[in-house]
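J.: So you can see what is in the structure, the chains are spelled out below.
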Amino acid sequence: MATVFIPTVVRPRLGGLAQLEASGRTVGELLIDLEARYPGLSQFLLRPSLAISVDDEVTPLGVLEPVRPDSEVHFIAAISGG
Amino acid sequence: MSVTTYNVIGTRPIRHDGADKVTGRALYGADLQLARMVHGAVLRSPHAHARILRLDTTKAAAHPGVFAVVTAADFPAAPTDKIVDFGEGDTLLSSLRGNILASGKVLYSGHAIAAVAAVNAHVAAEAVALIEVDYEPLPCVLTAPAAMAPGAPLLHEGLDNGNVAETIRHEIGDVAAGFAAATVIVERELDTATVHQGYIEPQNATAFWSSDGRVHIWCSTQGSFVARDASAAVLDIPVSQVKVTPMEIGGGFGGKINVYLEPVAALLSKKAGRPVKMVMSRRDVFTGTGPTPGSRVRVKIGVDAAGKITAAQAWLAYEAGAYPGAMVGPGAMTVFACYNIENVLIEGFDVVVNKPSTAAYRAPGAPNSALATETVLDEIAEKLGVDPLELRLRNAAKEGTRRADGPRYKRIGCVEVIEAMRASAHYNAPLPGPSCGRGVAIGYWFNIGLPSSATLSVNADGTVNLIEGSTDIGGSRTSLSMQAAEVLGIRAEDVHPTIVDTDSVGYTGVTGGSRTTFATGLAVYEAAQDVVTQMKARAAKLWATEEVEFANGTFSSGSNNLSFAQLAAQLGATGGPVVGSAAVNPRGAGGSVAGLIIDLKVDPETGKTEVLRVTSVQDAGKAIHPAYVEGQMQGGTAQGIGWALNEEYFMDASGEMRNGSYLDYRMPTALDLPMIETIIVEVPNPGHPFGVRGVGEANIVPPLPAVANALYRAIGRRLHSVPMNPASILNL
Amino acid sequence: MAPKVQVQTTINNEPVQFLCEPRQTLLECLRDVVGLTGTKEGCGDGNCGSCTVKLGDRIVTSCLVLGVEAEGETITTVEGLAHGNTLHPLQKAFLEHAALQCGICTPGFLIAADALLQQHPHPTEDQTRFWLSNNLCRCTGYDKIIRAVQAAAVEINGAPQ
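Chains as they are written, first to last, in the numbering used here: chain A, 8 to 89; chain B, 502 to 1233; chain C, -3 to 157.
One should not assume that every hint holds.
Stated by the list, open to error - Derived Cβ-Cβ restraints for the label pairs, each shown as a range:
#: 1; chain 1: B; residue 1: E1050; chain 2: C; residue 2: F126; range: 55 to 61 angstroms
#: 2; chain 1: B; residue 1: D557; chain 2: C; residue 2: F126; range: 50 to 56 angstroms
#: 3; chain 1: B; residue 1: T1055; chain 2: A; residue 2: Q50; range: 41 to 47 angstroms
#: 4; chain 1: C; residue 1: Q157; chain 2: B; residue 2: D1004; range: 57 to 63 angstroms
No lab work stands behind these hints: they were computed from the structure. Values in this document were obtained by computation on a predicted structure and should not be read as measured data. The beta carbon of each residue, even a glycine, is placed where N, CA and C say it ideally should be.
Next up, chain A with everything else stripped away, as it sits in the complex (with noise of 0.2 angstroms):
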């Protein structure tokens, strides 16, 4: 099962919850599990101002981002630079 980290501001929608386990081979399905159980969860963590890391790399790929069963998903802050 693979961790999903939940960003701090989102954690009060769970009850303080910091991190799910869920299953899945990509993350899209991680969070089709997630959403699943809790209703709603997914369009905090899917918006063009969050990216996602897979194994603490930046992924390109976003939702289609294979994950292993014992992958680290996080929603950083997509930064860019200057």
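Fit chains B and C to the supplied structure of chain A, relying on the hints for placement.
T.: Just chains B and C now, with coordinates in the frame of chain A:
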């Protein structure tokens, strides 16, 4: 690649565009001359906050020599809540357009309202003065704390919370427990003023709206594809209808990613039926483009008796300027990024104020937050009686350290940078004399990936043409050529790079975010590998074999061998041209840690600060062209020193910038700085074949706190707002 | 639009005639009328040095000189530093020392440094920094520029005695 001795990487060839740049032949945007070209000028608001009651351009349009006048009314109709996404956050189309030409309200002094195209710039300026505007001035708000206070004038309807557009929060562990376990706790609040990137070349754009419906734009930009996409979004036309030709660019530092003039020039051209060139004045650059946020940052850190940080807390309020989007997110992600801390709480606020809408500036958001963290740690070190670098070493982030916003570090050079600082000649030299102080600080920037494309064509003489789309602000076309040359076993001089327009190369992201040598470099590397693969197949044909090796620029099979140039001469005979290409969107960008050691001397009578000695240290992963890596370190350091000591937007109470010229917006001159020593640390980034980490940005992060720490030791008092200029040093 | 004035001048050792309005600066005339775009505009009010040219026997910020003042004068711009295809030692030194990043300030620095080396064949670091303090650079922090000028001084005038 496991090779660590290189033929080309690490050498210092003359840059390919060098001869053009030292002879005045290189063409920057303002140098462009097109047949029938006319000139545009912009009317800007004198008020920081006002309703536009009446806007009448009749007299301007009737002025002899005027070809067209445009206002926000000339934008094609589009839904006001349409969202545009450039890959780093969503923006409302109405905000994007609103900043380019105001509609209904002006939100800062300098806000563009209308534009004129005329036979020359002088006539255009005359016509601008004939535009009639009636304003209803409104109260303005100029700092984040003032904008967050109850009853503050509101800039927009429907933001999250008054003038707060977004609230950020990162929390790990338990800070209350962490502070309870601390033996020393220091909490400080620091303010920074608005500062500008200060690029010497003002924004410029020339546009031609052709009768076939295509818009051709020539401009000074850090990203021709982003400029294309933004212009197309503002004009509500398909991106395929816009072609952007990037001219040579005279500095950007993040400030030339947004578009300001491009869509306006296009609209004027559509009306005038001629190419329209627009160049900003220096004052317009200050008041009409995006500076970096002023800020208020509070940081509280607790350490135990062994000097281990037990808890860290930060509160960051950044001024976004007129529209949401202050870089408080990156500021929040970098504030404690150099350290391994289990209990962290970070709160950040994106606050709109009546100032120009902010834009990125070299590691945007990070210098503001590092200022607080690195000065608080300096105080803690002093209280503990521990060397400031030793304190940092005890808490340094390493591979596997988890950041407060979630992810863990891959290989990171924090320890190596601190150790290089500690071992440096500068750090071990005695102070030069009385009234002197030495300060140190470190900082971090992520560096990014994002898409890049490249094409390599092999010439019969063994040279290659490199087509790429990364506008070159600091020698990158040469660093990219060197990466191709290394793979192909040829000289850097044998690669001929050209930076082309958006029709001529695959999508390429901005030259910014310290990404070019890494990401475009990866595209060039893979295009070169594609060339090698194709040429191996040609050699296989020549030698009627299946197995061909390629190493050190030589193709071989058994006793047969040919150099790259020799095989290139035979491409025509073996099937025709060889063209390699690649498009990448890489993961695996490696972050960069930077450090600064600075010695200052303060004149106790005048408060003037003299910079005596400076050493910049940075992890480059692998320095492709060391002279240009040194250049980035020296440049970012100089900007940081100017920011720390002198630069600021001096706004009066009505929100007008009173120092909008290079005389009074005081950037460092050659007299203000000594030689800047550089120490390049190389902790290879596993995500790039040569180990490259971007270096453009992290070096601007440590100067603010290093200067603050040095000043404390020179004058015996800590200053809590930047710039730390003579008036504040003398406590006037 | 005021009637244009005919100006006769010498630019980079060549006689040049151009027409300009009295209100046009020398910078504007060089760039937009004569077509020598090597000299750059950074500020328009004499505070960045990007527009530095040699006018007669001194260097000036051409944004603060009127085009009509060029009448009868001798002007050197960055385009006039090289001899045919042979770069001036300062130009070579700037390339060898990587003394430019974006290059927009480079023409102004080259003209100013050329004037410096004609006045002070072996300038110290302090003299060099003082002389060039009206030329702003935002990219380099000046380090490599100073080194390039000092190296060019040695190339042109030999090592200091």
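J.: Indicate whether the distance between the beta carbons of C:Q157 and B:D1004 respects the range 57 to 63 angstroms.
T.: Hint holds: Cβ distance 59 angstroms, inside 57 to 63 angstroms.
J.: Is it true that the C-beta distance of B:E1050 to C:F126 lies inside 55 to 61 angstroms, as the hint says?
T.: Since B:E1050 and C:F126 have Cβ atoms about 59 angstroms apart, the given range 55 to 61 angstroms holds.
J.: Between B:T1055 and A:Q50, is the Cβ distance one that fits in 41 to 47 angstroms?
T.: Since the Cβ atoms of B:T1055 and A:Q50 sit about 57 angstroms apart, the hinted range of 41 to 47 angstroms is violated.
J.: Looking only at beta-carbon atoms, does the pair B:D557, C:F126 fall within the given range of 50 to 56 angstroms?
T.: holds (52 angstroms)
Comparing the model with each numbered hint stated earlier shows that hint 3 is the single one that does not hold.
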